[in-house]
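For this one, chain A is given, so just place chain B on it according to the hints.
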Amino acid sequence: MTEDLNWAIGGEAGDGIDSTGKIFAQALSRAGRHVFTSKDFASRIRGGYTAYKIRTSVDQVQSVVDRLDILVALTQRTIDENLDELHDGSAIIYDGERSWEANIPEEATAVDVPLKSLAEEAGGAIMRNTVALGAACEITGFDVEYLDESLEKRFGGKGSKIVENNREAARLGQEYVQENYDVDLGYDLETTDNDYVLLNGDEAIGMGALAAGCRFYAGYPITPATNVMEYLTGRIERYGGHVVQAEDELSAINMALGAARAGARSMTATSGPGIDLMAETFGLIATSETPLVICDVMRSGPSTGMPTKQEQGDLNMTLYGGHGEVPRFVITPTTISECFWKTVEAFNYAEKYQTPVYLVADLALAVTEQTFPPEAFDMDAVEIDRGKLVDDDTVDEWLDEQGRFRAHANTDDGISPRAIPGTIDGAHMSTGLEHDELGRRTEETDVRVEQVDKRNRKVETAQAEEDWDYREFGSPDAENLVISWGSNEGALVEALDYLEEEGVDVRVVSVPYIFPRPDLTDDVEAAEDVIVVECNATGQFADVLERDTLTRLKRINKYTGVRFKADELAEAIQTKLTEEVPAQ
Amino acid sequence: MSSEVRFTDFKSDKQPTWCPGCGDFGTMNGMMKALANTGNDPDNTFVVAGIGCSGKIGTYMHSYALHGVHGRALPVGQGVKMARPDIEVMVAGGDGDGYSIGAGHFVHAVRRNVDMSYVVMDNRIYGLTKGQASPTSRSDFETSTTPEGPKQPPVNPLALALASGATFIAQSFASDAMRHAEIVQEAIEHDGFGFVNVFSPCVTFNDVDTYDYFRDTLVDLEEEGHDRHDYEAAKEVILDAGKEYQGVMYQNENSVPYHEQHGVTEDMSEIPDGAPEDAMDLVREFY
Chain A
1 MTEDLNWAIG GEAGDGIDST GKIFAQALSR AGRHVFTSKD FASRIRGGYT AYKIRTSVDQ
61 VQSVVDRLDI LVALTQRTID ENLDELHDGS AIIYDGERSW EANIPEEATA VDVPLKSLAE
121 EAGGAIMRNT VALGAACEIT GFDVEYLDES LEKRFGGKGS KIVENNREAA RLGQEYVQEN
181 YDVDLGYDLE TTDNDYVLLN GDEAIGMGAL AAGCRFYAGY PITPATNVME YLTGRIERYG
241 GHVVQAEDEL SAINMALGAA RAGARSMTAT SGPGIDLMAE TFGLIATSET PLVICDVMRS
301 GPSTGMPTKQ EQGDLNMTLY GGHGEVPRFV ITPTTISECF WKTVEAFNYA EKYQTPVYLV
361 ADLALAVTEQ TFPPEAFDMD AVEIDRGKLV DDDTVDEWLD EQGRFRAHAN TDDGISPRAI
421 PGTIDGAHMS TGLEHDELGR RTEETDVRVE QVDKRNRKVE TAQAEEDWDY REFGSPDAEN
481 LVISWGSNEG ALVEALDYLE EEGVDVRVVS VPYIFPRPDL TDDVEAAEDV IVVECNATGQ
541 FADVLERDTL TRLKRINKYT GVRFKADELA EAIQTKLTEE VPAQ
Chain B
1 MSSEVRFTDF KSDKQPTWCP GCGDFGTMNG MMKALANTGN DPDNTFVVAG IGCSGKIGTY
61 MHSYALHGVH GRALPVGQGV KMARPDIEVM VAGGDGDGYS IGAGHFVHAV RRNVDMSYVV
121 MDNRIYGLTK GQASPTSRSD FETSTTPEGP KQPPVNPLAL ALASGATFIA QSFASDAMRH
181 AEIVQEAIEH DGFGFVNVFS PCVTFNDVDT YDYFRDTLVD LEEEGHDRHD YEAAKEVILD
241 AGKEYQGVMY QNENSVPYHE QHGVTEDMSE IPDGAPEDAM DLVREFY
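Line by line, the protein sequences give chains A and B.
So for the first sequence, my numbering puts the first residue at 1; every next one is plus one.
So for the second sequence, my numbering puts the first residue at 1; every next one is plus one.
Calculated from the structure, these hints are not laboratory results.
Mixed in with the good hints there might be a few duds.
[What the hints assert, rightly or not] Estimated spans, in silico, between C-beta atoms of each pair:
1. Asp276(A) <-> Glu232(B): 43 to 49 Å
2. Asp278(B) <-> Thr521(A): 42 to 48 Å
3. Glu383(A) <-> Gly263(B): 26 to 32 Å
Ideal placement from N, C-alpha and C gives every residue a C-beta, glycine not left out.
Pulled out of the complex, with its shape left as it was, chain A reads as follows:
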């Protein structure tokens, strides 16, 4: 039948849902299948509904869809939460021996497996999820042996006995279904010889940071950015770096600022509320012309909002946040592999232009995993540009008549030389106060204007020198133009297939740079219909584009806390295309 399988496991937080899902996802990836995962989780440690969903195919998959083929349900709520996505060919694996009366919808095939009893037989009730994995393998025609390596990876640290028991548990689950059920949902999951790696956006950002030479990271735990810190912890040390868990976000960004001024490539990562706290220091970083990468992994706001839910609501904050006017770059990776590459770019831009760079990802990118060929992270292609870093030999040309270092020299391109501590004759002061070329406080009108212009000129230089291009999909000549930023790209690209079936021709432009950004005026003017897709209520990027292009644009906004699905997006685009353009 179809090779595109949608599998999920759901239960209460604390039931091991995440690790079970990850084990299966890794097994599929190792079998040469593409995987795309998504997570439903609540903001609590134990209890509450949580689910891990996997979409897998031999072809590339990069979004979620409204369909669930196999559901491992540890609670009734798991079934209830997913009723809309179940269909005639769905199977639900559950444990009929447990106290809950499973209320299985009519159209789905009930596969009652004594998960707990079989797990106990294998060595402990805790392995009931692994039994369910074995059962799922049998139903999908996926060789249970593929689980073995994932189980080793997950449980190897706990000893070979645990790994063996889990392997046994998987086999008992598989055999139980084989002996007691004659389920044929038509799946026979094909495997390939392809090599894939499976990772999420936070991990890709962390890996990008290491590849780019990041040596210092300070952060404060916050969902969904903490994974960046967790990834770097234990890895950054291999390169002589260090991670500090600061006492708060204010400290985190100031520590990172200190390390950056000391010459280290530095980063902090946080989410919306943390960005608010960092805003004051953001201005200092820009004014003192310190290179720093500030990663905002967006979640639903405002205030503490919905911490475990998707949203793209911080764009205005990163674009306009902070008092006064300061140059900044805002980079928005669109896929998990782009999280890697844009992080590398962010470090280069930060040092080259000596200014803070916002690296803006969102929850949907951060916590979901996707398979890529390892070449997608080709380390040989990583280039490092440290900008105008001076040393003991080159510092001389930047000294004034009295031998003082002109740390904020008024240059044509707006970029001044940078001396790090230890550079002989490079000693200078940096400050958030307005200052002259030497970094000394001033309120002289001429110098003020000169320094403001100088800092802003960096953006003009960057705009002219760098490639701020967009990514493009669909039909290049289509009259209908859909524009998006951030994680919506994957769902949009898949929506193109649905639209094509309906005979709707669409060109998709996905924008990874918000400031500086590509000029979309010609694209907008050439299109009949323009729709801007984003996960927020007001259309923050659409506002920006309307101002740029002086054209009213149609908008698709989702702010339920759930990411766009490909089929849903295809439908929404079709509906939007029939609507009138809003009045000027």
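Frame of chain A; chain B shown alone:
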């Protein structure tokens, strides 16, 4: 250059705008002397300052320096030192900067025990905003925002430091130039976080905690035969509300600085031209 460094090498050509007679002149001179005496030079020294009169110090001194935002000088200093263990880091702040808005950072900087020094110019008032109560103001000290006094006890920064696990706690007086410079020098030489609270009188707005007041009341711990390695003795002088002390209250002989505890010893400013050679191993972890 270090062998012939004089303390005036740490002086910038910018004239201080502090009020004539301000305690901060003496505090700064002592810091410069201490830096020179410990063999540092401006090119390997990083001074971080906060906001307020004390924050201006980065402008009047010559070294690598950052004048940051209010209350956040300590995190900046720690970041500099962690990235560059080879650099001498000194953080300067005031009582408002360090014990009010920055109090949280103070506690955590103390417990991290990063090998740096922290000099607080304590004048028991907000000077640059023209005379409001500070966290170390006396509870009956009348100001524009506390006409009947703050009516709350002052923060005891030394006790706060001790309770947070400080390994070096000292107090000095800006006007006793020799002792002050000596004490700051000891803070620099201490293997860990060297904290010095400096009585630095505000001649414009504080007519209670004056030079004369400190001259008359100050007790030198060295003359008292205080044992700085004795925790109980330190507790006693630190919690003694009846007297003003100068000297080193406490020094932990077994202080293990942050970089030793965490293996943070590399110069982080140097990185390869491209991704590190074994970087593909990072990718392989995701198989």
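Do the hints match the structure? See the list:
1. Asp276(A) <-> Glu232(B): 43 to 49 Å: Holds - the Cβ-Cβ distance for Asp276(A) and Glu232(B), about 45 Å, lies within 43 to 49 Å.
2. Asp278(B) <-> Thr521(A): 42 to 48 Å: 45 Å, holds
3. Glu383(A) <-> Gly263(B): 26 to 32 Å: 30 Å, holds
Of the numbered hints stated above, none is contradicted by the structure.
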